[in-house]
Structures are given as structure tokens and as C-alpha cells.
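There are 2 protein chains.
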Amino acid sequence: MNKSEFSSHLKMNNVKINDAFWSGIIETVRKSVIPYQYLALQDKIEGAEKSYCIENFKKAAAVCEKIKSGGRPEVYPVDKWHYDESNADKNAFHGWVFQDSDVYKWIEAVGYTLMHHPDSELENKAKGFIKLICSAQLENGYLDTLYIINDRSKIFTNLKDHHELYCFGHLALGAVSFYRATGDRKLFDAACRFADLICDIFGKDKTEGYPGHEIAETALIRLYEETGLEKYLETAKCFIDRRGEKPYYFDKERGVTTSGEDYRYNQAHIPVREQKEAVGHAVRGVYLYSAMADAAKIYCDDELFSACKSIWKNIAERKIYITGGIGATVHGEAFSFDYDLPNDLAYAETCASIGLVSFAREMSKIEINSDYADVAERALYNTILSAMAPDGKSFFYVNPLEVLPVASKSDARKAHIKPVRQKWFGCACCPPNLARLFSSLEEYIFTENDNTLFINQYIGAQVNCDKADITITSDYTNSGKISVFVDMKTPFKLALRIPGWCDHFKLSESYEIRNGYAFITICKSTEIDIQFEMKTKLIKCSNRVRANIGKAAVMRGPFVYCVEEADNGKNLHLLRLDKEPDFRFDNGMIFAKGIREREDDRLYAEYTAPEYEKCVIKFIPYYKWGNRGENEMSVYIRM
Amino acid sequence: MNKSEFSSHLKMNNVKINDAFWSGIIETVRKSVIPYQYLALQDKIEGAEKSYCIENFKKAAAVCEKIKSGGRPEVYPVDKWHYDESNADKNAFHGWVFQDSDVYKWIEAVGYTLMHHPDSELENKAKGFIKLICSAQLENGYLDTLYIINDRSKIFTNLKDHHELYCFGHLALGAVSFYRATGDRKLFDAACRFADLICDIFGKDKTEGYPGHEIAETALIRLYEETGLEKYLETAKCFIDRRGEKPYYFDKERGVTTSGEDYRYNQAHIPVREQKEAVGHAVRGVYLYSAMADAAKIYCDDELFSACKSIWKNIAERKIYITGGIGATVHGEAFSFDYDLPNDLAYAETCASIGLVSFAREMSKIEINSDYADVAERALYNTILSAMAPDGKSFFYVNPLEVLPVASKSDARKAHIKPVRQKWFGCACCPPNLARLFSSLEEYIFTENDNTLFINQYIGAQVNCDKADITITSDYTNSGKISVFVDMKTPFKLALRIPGWCDHFKLSESYEIRNGYAFITICKSTEIDIQFEMKTKLIKCSNRVRANIGKAAVMRGPFVYCVEEADNGKNLHLLRLDKEPDFRFDNGMIFAKGIREREDDRLYAEYTAPEYEKCVIKFIPYYKWGNRGENEMSVYIRM
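Protein chains in written order, with our numbering: chain B, 66 to 704; chain V, 66 to 704.
None of these hints come from the bench; they were simulated from the model. Quantities reported herein were computed from a predicted structural model and do not represent experimental measurements. There could be a bad hint or two in this list.
Where chains are identical, the list cannot tell them apart; a pair therefore holds if satisfied intra-copy or between any two copies.
To be verified - Here are the simulated lysine-lysine pairs, DSSO-like style, with alpha carbons at most 27 Å apart:
no.: 1; residue 1: Lys76; residue 2: Lys96
no.: 2; residue 1: Lys644; residue 2: Lys679
no.: 3; residue 1: Lys271; residue 2: Lys311
no.: 4; residue 1: Lys296; residue 2: Lys76
no.: 5; residue 1: Lys571; residue 2: Lys558
no.: 6; residue 1: Lys635; residue 2: Lys683
no.: 7; residue 1: Lys474; residue 2: Lys192
no.: 8; residue 1: Lys546; residue 2: Lys251
no.: 9; residue 1: Lys219; residue 2: Lys68
no.: 10; residue 1: Lys196; residue 2: Lys155
no.: 11; residue 1: Lys658; residue 2: Lys644
no.: 12; residue 1: Lys296; residue 2: Lys689
no.: 13; residue 1: Lys109; residue 2: Lys488
no.: 14; residue 1: Lys341; residue 2: Lys474
no.: 15; residue 1: Lys378; residue 2: Lys635
no.: 16; residue 1: Lys96; residue 2: Lys374
Looking at chain B on its own, in the form it has when it is part of the complex (with noise of 0.2 Å):
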């Protein structure tokens, strides 16, 4: 590792976005999915599925008074990993094991906005949940409804499959947002009181255990960030170095022994600094990486961040969608193998790109290198854009490259690709972690070091920091065009990203190119002007990807294009693209020269060559897919 290298991520306070593209997204979080998720967790939304979030909390709050005034509360099953009215007791726990996390996120989502938007109609909703969490915690600082409320005597034994530790993670960092944004303690105070539980039990030289579904390593270290508290960045470290040592501790909870082929699902199979490839688990991967990442810089850890980078490579070279989606396979929402990307049967899930872009920032404080941002670009302008509907009130959980409607209702391969975006899940993990995404997207855009400041992301935003104040005005997802005024306060370098699909850009000023970024020497204020040429581009994906063999996708900028039935009719895999597809941009649409293989319906027939009428294809942007009701979608079209 190369300390001079290292940077840290400019923070909400120090950065103010006004963009054209992003403003308005983020804006819809503000007023439209915060609120909506305010309801969706009170079970409020008419003909949404039931989240059961602060229902649990009210009823673990119950069981807490009744233990306070020495009662003795029921005891319910906790034995599986959701629980509905129809299997659970109505007094007893419902919905997901962790359930818990989505007021959490939210909270998260909350104290982002009020960093730029104070509203203290919001900030005391958040107050109300947060005086409803604080009251569902146990004296010792214990804070998880399914336990709580159904089985106080099993804390903590089945971390492998229970989300307490998760639950907590997403605690802490909700607790974290909203002091930072309000200065209000007592989320932060409950957080604290738990990690201080969570120390006691599984801290240095404790209990060996490690959570299953991993958060808490990130949040334990973000807590140490906060309190300079030595003892929560060793616990973080304790469950990123014991993973997959031997014996499991998965093992031991079960009592039993296995080969601990089944934690690969976990990335407990074998130690961190072994992992080379990314498995199992996509979410808990990229969350587990991230927390890695983390910890590699703050004990400047070689060996940790050596891991971390084959991962990485694994991820970027072999096991991700054009589209920036990751875990190919819906069998354990899991990475698959190498290369193995089908399109219509991705699973792709939206936390997983979320996971994705955390760990690519956390890469690129580390070390100079655009790639990082490059894959976080690819995976925020496609797949985290495209999950939310323009309204902020539907959401893909999954998302394919692929999608025939009736394959989805009757091939039960094809059952969790959903056509169009869904109201709210049960299982609500994405909509509440892309308002939080979407809300701290600040933290995403510059690092800097002492004599660096990188900008990773091109959104137009005003940025206060020791070494300039910057406003950046971007018309990047358009026609390429930035300018970036530099009011300096002391000379420094500003590193520019030059992304990974330009091949030729104009800048103002003169710069040196390395590791992918321009580095520009600033010794007075300026601007400069940085104009990337956006080119329409096919694309073509390695031909070990089965699926996609004598096919190409189109992109321009940053933005992965698709086809859809509603432009260009049913049968989409009957369309060819053209050698010279003579692309035409025209109001966000791509035109193309294609053509379209006549219909047979004979299924088997002495082979003749195809006959083709001439078309012309149209391209939407992938983010926009899905939105004119059900219909063929595909990324790749054959050449």
C-alpha cells in the first residue's frame, strides 16, 4: 500500500449538490420516497405488502415495560426467517428477520436530508421512531424485535442465519446520520449502548463469533470514527479477521461439522485475507468487501487490501453486468461463476450495486486508480437509477438485462424478474438503501488528500474544503460539457477522472495523465472547462459470456442503452443491429439502422437462410426501462 496515496471521501457538510440530472432525483427521495416510506412502515400504503417494522418495535416495546415492571413475557418460535400472520402468533414478531433495518435506513435517508434541508416536521417524525426504538431496547442495550419479542433466552445463538448483528449495523449508521444532522443523541446513545453489548460479547479475546449477513463491521468502525473509541474499531476488525477461520463458528452455534462449503454463501468459507474470488451472497458480499476495504486503509493492512483487490478484479473483470448489476444467479441472490452472466435470468439485485459503489469508494481512498469510479459510475447510472420509478413510489429489487412478460408469469426460472417496478416488498431492503444512496450521494463525488483533491463524479455541486471553494457545473449525461470554478484558498492538484468510455476529452488547462485521472496544478483560482466527447458506442462483452455471443449493447456517456417493445414492437431478439448502425441521438432516444428476421413459426424446418425487412431501432436509456407497463426489454441485440 502506498500511504501517500490515501484520501478520504469530502462529507455532506462540505459538499452541496445542483445538478440537472441528479437535483431532481434526489429531490424525489426528499418529497416522495421518504414520506412514502414513512407510511410503508406503518403499514399505511393501501395494497403495498405489510412491513410489520413499527408494529414490531410497538410490540417489543410491550415486552420491554412488561420485563421493567417484572412481568414475564410469551415466549414464540424463532426459528425461521420471516414469519407471516399465517405462521406467527399475532402477539408474536412478523415479517423478515430483519425487518428492524428498514426504519434504520430510513432514519439514515432522513439525517442525509436534513444536512442540506432542514424540516422539522421530518425530524420529528424521525424523533417519533426514534423515541419508539429507544423504548423496544432492553437494559443491557440489546436491540432486536424478533428477539425481544419472541424469545429473550436465544439472543445471539444463530448468527449465521439471524440479522442482529445486521440489524445493529444499520442502527448505528442511521444513529450516526441523524446526529450528525441534528446534534440529537439518543439514537446515537442507543446505538453506542448496543455496540458497547456487542464488545462485552464478541469483542477482543470474547466470544468468537462474526455476524452472518455482515454491516456491523462498517457501521462498528463509522461509531469509532464518531466516539474515537478504540474498542469498536477492534470489534469491527475481530469479525472481518475471524471469518472463516476453523473451526466455522457457524459450525460451532450448530453444533455440528461441516466442510464450510455452505458459508461460502456467507464469505465464511475460508479466512478474508485467503478470499480471492467473489461468492456466494451478493449483498453481504460487497457489504463484507466494503468494511475490508475500510480496515485494510485504517491499519494499513496489505495483506487485507491485497484481497480486497482480487476480489475487486473478480468483480470487475469477470462477474459484472454491463449494467453495473452484481450476483448473476437468484439462487442465493449469489455471485455466480466467471463469466456467467445470463441476461433474462440475472438477478442483479439493486442493494448489491449499492454495496458496490461503497466498495469501490473505499478502493479508490486507498489508491489512485479511475477504475474504481469507473465501476461505481456503470452500476449508479444503470442499474441503482434505473431500480426507482420517476415517482419514487415503485422499485426493482432485481434487474435483468432481459425481460419477455410471459416468461415471467409462467417459467418459474423467471418468477423474481419482475416486468415492471413493484410497489413496496415485504422484503423492503432496496427502496430504504436507495434513499439513503440517494441522499448521501454527496459522500460519492470528490476524495481528496493533503495535496489532492479527486474528483471521482461529475455532478454539479458547490464543495467547501481547506483548499478551495468549487462550484461545478455539469452537463455530463448530456453533452459531456463541465466547468469547474476553483476559488483557492491554497495551491493544491485537482485530479479529474477521465472515465473509462471517453476516448477523447478537451481540457482548459494543462494537466498530466495518471492512473486515470488529469491532475491539474491549481496555483490561483480559475476555470477550467472539460468537454468529453459523447459518442454513441457499441459495445461488445467478452464472448466467454455464453449469453451474449454475436451480440453488442450501446452506450453513450455513462449511460447503458436498452430496446423495448413499446419503440420497437414484440420479438426483440428478432432485431439485428447493423454493422454501420449510422447512430443518431435524438432527445435522450438512440436511432439505429437494423433489421428485423421475418417470423417462422414452423418449429422445425429444413434450414434457409433468415429473410430480413429493413428497420430502424430505437434505444432508450436502461434507467428508463419499465415504465410505459409490461414489455420486452433487452440490453444486448445481435449483430
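Knowing the structure of chain B, use the given hints to seat chain V on it.
Frame of chain B; chain V shown alone:
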């Protein structure tokens, strides 16, 4: 229906196969498969999954003994489809709920074998099993080891999921075969006693039940034919007619009210006469359709036949693989939607193709149309033949059209796709089904009515019927030459199927073509020479089958060919066949001109035309795939 077209198939005792291609396979069944299965049924094959079949009969016999002597047998749960050693008491039933049927199918195959190859040792082995089976029958005729061992009080309470009527069906078919071959009535009488009980409970005007897994319908018709007892036929008809009627019997049985949508799996969602499409579990489907055709002919039931024709067309024109496999999805081992025929996810269970051959035969007995025998041929020479290893000791249950071994191992979506044949499955429906089909192949070759003898399959054989003694010498699979020596007894018409794949043929006699058959008037003893032109043909699949767009398959005669890694190297998807492939047939293999796309590991890059190198592409018959260890295989190849 046109009664003048009705025909019957010639029975075992009228036909003796003597064929260069098939005799060896039938001998393998007799000399290797049947002895192997004799051991497998008794769990005496090392390394093979346990069957528990005979073990269950022993346990059931002990229960019967106990009941007779006034004892009270134990009670165990009957709530599962499978009872393995870890979840069942050691004295309880083990294996699949339909485990009994394995020995019945074995006895059926033994019966067929004994007809042409008397073998007292084998006959005695079968009699040993029969004695055991009969000792496991309850006084009232009931015979199903799961319920006899585990819980007598729950007999016939779960027709939907359990297989008592299915096991009865195979018992009766085995009993008829063994009785016809040996004259020994013991098992036949036992089957009739069970049939009597079934008629008492489920017959006309009795309980409105019907089987969850069809086969009893066909079996009851066979018993009717053998005994002349109308009640057997009537009960078969009840089982067909009641299916899918509202209120659903399966609902009543379960004490619920459903939309019936789930009963598509059992073809019981709507009445059979309203069924136009092949749906649900494919094996169950074709067993039902076969019985429907059988009954339609007996009752001269136009409406029922019309449903059979619609379903037939749906399979033959929308839902069959080029290899004759049916049932495209592993989910429910079921038919998928129209034109959904993925190569690498195919289920295409061996038993489903065996059932299809039976459905085809029943249809061909109602209507003169060579399509039926064409489809049967497709299934027989490809999927079914492929399912058994040359030594008869390993089998495919699932018959994919594309295999990548790493995917079978790493991708749960393809876990059902085995790259090599398996020794013996716990769920061993396919191997005994292959044994009974191959050893009764005689009954699938010829049909006749008053004035015509139809040759549906070109398998060398001696035929004795009222019209003539006929000797067929066939080199059908190799040169396409067949000689038919007719020693006439009375003038008749000989109808020779012109295979669907054949564009040109020569016949040494004058003929008239009708419905795909060449009709020759036989007025004297004669020798007819037939030459079907054996051209290697390139076949295209409807472009509504998305998996095959831009691809083609190779056939020669009845055989579909495929490419294997052993002949063509890894990454078969990189091969492309030349538009003028100059096919060369040599020693069973086909050689063709082609190109291979150069490998390109970079996941995403600007599009450039692929680079190719010339190569010779080598094809082998599909039925020979998977005999050289684990390797890639593909039926379709890019054009």
C-alpha cells in the same frame, strides 16, 4: 373420428425383432439392465443410491403378517414425498412415495423379455419378488407399502400427492406382462384384487377421486382387455372424466377451496375435454393423454379425441425439443410455455419421452397420420436412446441439449443437468421405464386394421399376422435401405411410413401416398425394396424459440447430431458452421466446414468484428453424447 382408420398395434407374440441397430440394445437390456436392476431393487449395487424398494415390501409383508395374527402394527407419518434414513424411523417406509413402482416396472420388462427368451432363472427371480409382493397385500386387496407400513388408517386420503393409484397402475401393467409371458396368474390376480378394491371405492357412482399421478387409467384399460370386466374400463373412464371437474376433488381432499391453478401440475385444473395445451408435470401429462386417446378410441369419443389432437399439436408444434424431449422446465418437471425450449436448462425427462412414444402410438391407432410415428421416432432415436449408457449401467434422467460441466457444478439453476450418466437414482423411474420400453419395442413398430398393415418404424423384424408372414431387413439407421419380404396369406395393403425427414425415396413397387404413408397393394408374395435418401441435413428451429436464434442443428436420418468438447475443444459456443458446410459422413460421424471465434477475455470493450479461424466441426449422434467423461456438448450450433 373415422372408424375405418382405426387400427391396433401388433403384440409381442406377433413380432420378433432382428435388427442390426436395435437387437444389441435390447440384448443389453436383457443381459445387463435387468440383472443390474434386480440387484439395485435390493440395494446391492455398491455406490448407487439406495432404492429401498424390496426392503419396503419386506416391511409391508411383516405388517400384514402382524395384522393377520391380530397384532397392532406401528404408525408412522405419511406426510412427505420422500423418506430418507435421516428423517424416517428405521422400521418405517423408506425412499420415494412411488418406490413400489420400480419393481413393478422391472417385472413388466421381465415379462416382455421372457416372451422371446424363456429363462427359468430369471422367471424364478421374478416369482420370488412376486411372492414377496403378494405377501404384502392387505386382505381387502390394497397394496401400497408406504401406507401399509406407515399408516393403514390414511389409505387413499392424499390422491393428489401420493402415488397409491400410480403404483397400482404399474403393478397391473407388470402383472399383465408377466401373465402373458408365463401364464402365471399370481401377480395378475393380485392386481385384479387391488383393481376390484379401487373400483369399489372410486368406480362409477362412487367417491369422486382420481389419481394425482396418472397411469392407473391405462392399467385399468389393460385389465379390462385381459379380463373383459367392464367395471375396469368404467373406472378408467371415471378417472379421465372427473379430472378437473369443479368442485375440485383435490380441494375436497385437502379441505380447501382454490382456483385450481395449482392443479395444472396434475392436468386437473379444467376438465380434460377442455384441455387444449400440454401443461404441468410432463410425465403425468403424457400418461394421461395416452389414456385419453386409448379411451377415445374404445368409446369412439370425438370430443375426447379432439382434446387429444389439440394437446398433440401443442406438443408437436410448440413444446418438443428437436431430440424428442418434452417438459422444458425443472420446476415441476413440467411443460413450459409455447416455444420456451432452452437448451442449457432443459429438463426433458427420459420418462416423459417414453410416455410420448406411447401417446403417439395410441393416436396413430385412431388416425392415419405419419406425424405420430415421426414424433415417436424423434423421441426414440434421440432422447430415449441417449438416456442409457452402452453398457446399460448408467442413465440420464434429464436430457439437455447443451451442457457446460462447470455450470452444472457451480450454478444451482443447472444442478439437474448431469454431464455424465448416473449409476442409479434413488428416484429411479427412468431406468426401469427404459427397460420396459426397449424390451417391448416390438409393440411400437406395426399397427393393423382389417385391410392394412402399417409399418411405423423401420426396425428389422419377423412379423406373423393373419395377412402375411413378413420379414423386414433394415439398414434404416445407416444407409436407409430396407427390404420387406411378404409371404402373403390374403391380399391386403401395406402402408409404409415415409419419414418426415426424408425428401427422396425409392420404392420397388407402385404406391399411393396418403397421410404420410405409401400404400402398396399386396396381391401376391413379394419382396419390396425401399431406399430412403440419407442426407445430412441442416435444420432450423422456429425463431420464436429464443435460445436457437441464429443457430441450426444437424440431422441425418432419424438422428439428431451434436458437437462435443472431446472432438471440438472447449467453448463450443465459439464455433460457427459455414453456410455451405460440405457435410461429410464417415463412420458414424459428420464432419463440416466451420470457423471458430477467437477467445476474448476482456469483459467489456468497444465493438470490433470478431476474429475467426477456420476449423473442421465434428458431430456425433446425440444419443452417443456423454460417453467420454465430463465435457461440453451442444446440439445447436451458430450459423
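Results for each hint:
1. Taking identical chains as interchangeable, the C-alpha atoms of Lys76 and Lys96 lie at most 27 Å apart only when both belong to the same chain, with a minimum of 22 Å there against 78 Å between chains.
2. Taking identical chains as interchangeable, the C-alpha atoms of Lys644 and Lys679 lie at most 27 Å apart whether they share a chain (13 Å) or sit on different chains (22 Å).
3. In this assembly of identical chains, Lys271 and Lys311 lie within 27 Å of each other by CA distance solely inside one copy; the values are 16 Å within and 63 Å between copies.
4. Proximity of Lys296 to Lys76 under the C-alpha cut-off of 27 Å is restricted to the intra-copy arrangement: shortest distance 24 Å within a copy versus 84 Å between copies.
5. Within a single copy, Lys571 and Lys558 get their C-alpha atoms as close as 18 Å, which meets the 27 Å cut-off; across copies the closest is 86 Å, which misses it.
6. Taking CA atoms no more than 27 Å apart as the test, Lys635 paired with Lys683 passes inside one copy only; the shortest distance there is 13 Å, against 36 Å between copies.
7. For a Cα distance limit of 27 Å, the shortest separation of Lys474 from Lys192 qualifies neither inside one copy, at 42 Å, nor across copies, at 51 Å.
8. Within a single copy, Lys546 and Lys251 get their C-alpha atoms no closer than 45 Å, and across copies no closer than 91 Å, so neither meets the 27 Å cut-off.
9. With identical chains, the CA atoms of Lys219 and Lys68 are never at most 27 Å apart, being 44 Å at best within one copy and 74 Å at best between copies.
10. In this assembly of identical chains, the alpha carbons of Lys196 and Lys155 lie at most 27 Å apart only when taken from the same copy (24 Å versus 56 Å across copies).
11. Taking identical chains as interchangeable, the C-alpha atoms of Lys658 and Lys644 lie at most 27 Å apart whether they share a chain (9 Å) or sit on different chains (24 Å).
12. Taking identical chains as interchangeable, the C-alpha atoms of Lys296 and Lys689 are never at most 27 Å apart, the minima being 46 Å within one chain and 64 Å between chains.
13. Taking CA atoms no more than 27 Å apart as the test, Lys109 paired with Lys488 passes inside one copy only; the shortest distance there is 13 Å, against 57 Å between copies.
14. Taking the closest pair of Cα atoms, Lys341 and Lys474 come within 27 Å of each other only across two copies (19 Å); inside a single copy the shortest separation is 38 Å, beyond that limit.
15. Proximity of Lys378 and Lys635 under a CA criterion of 27 Å is satisfied inter-copy only: 24 Å between copies versus 38 Å inside one chain copy.
16. For a Cα distance limit of 27 Å, the shortest separation of Lys96 from Lys374 qualifies neither inside one copy, at 39 Å, nor across copies, at 59 Å.
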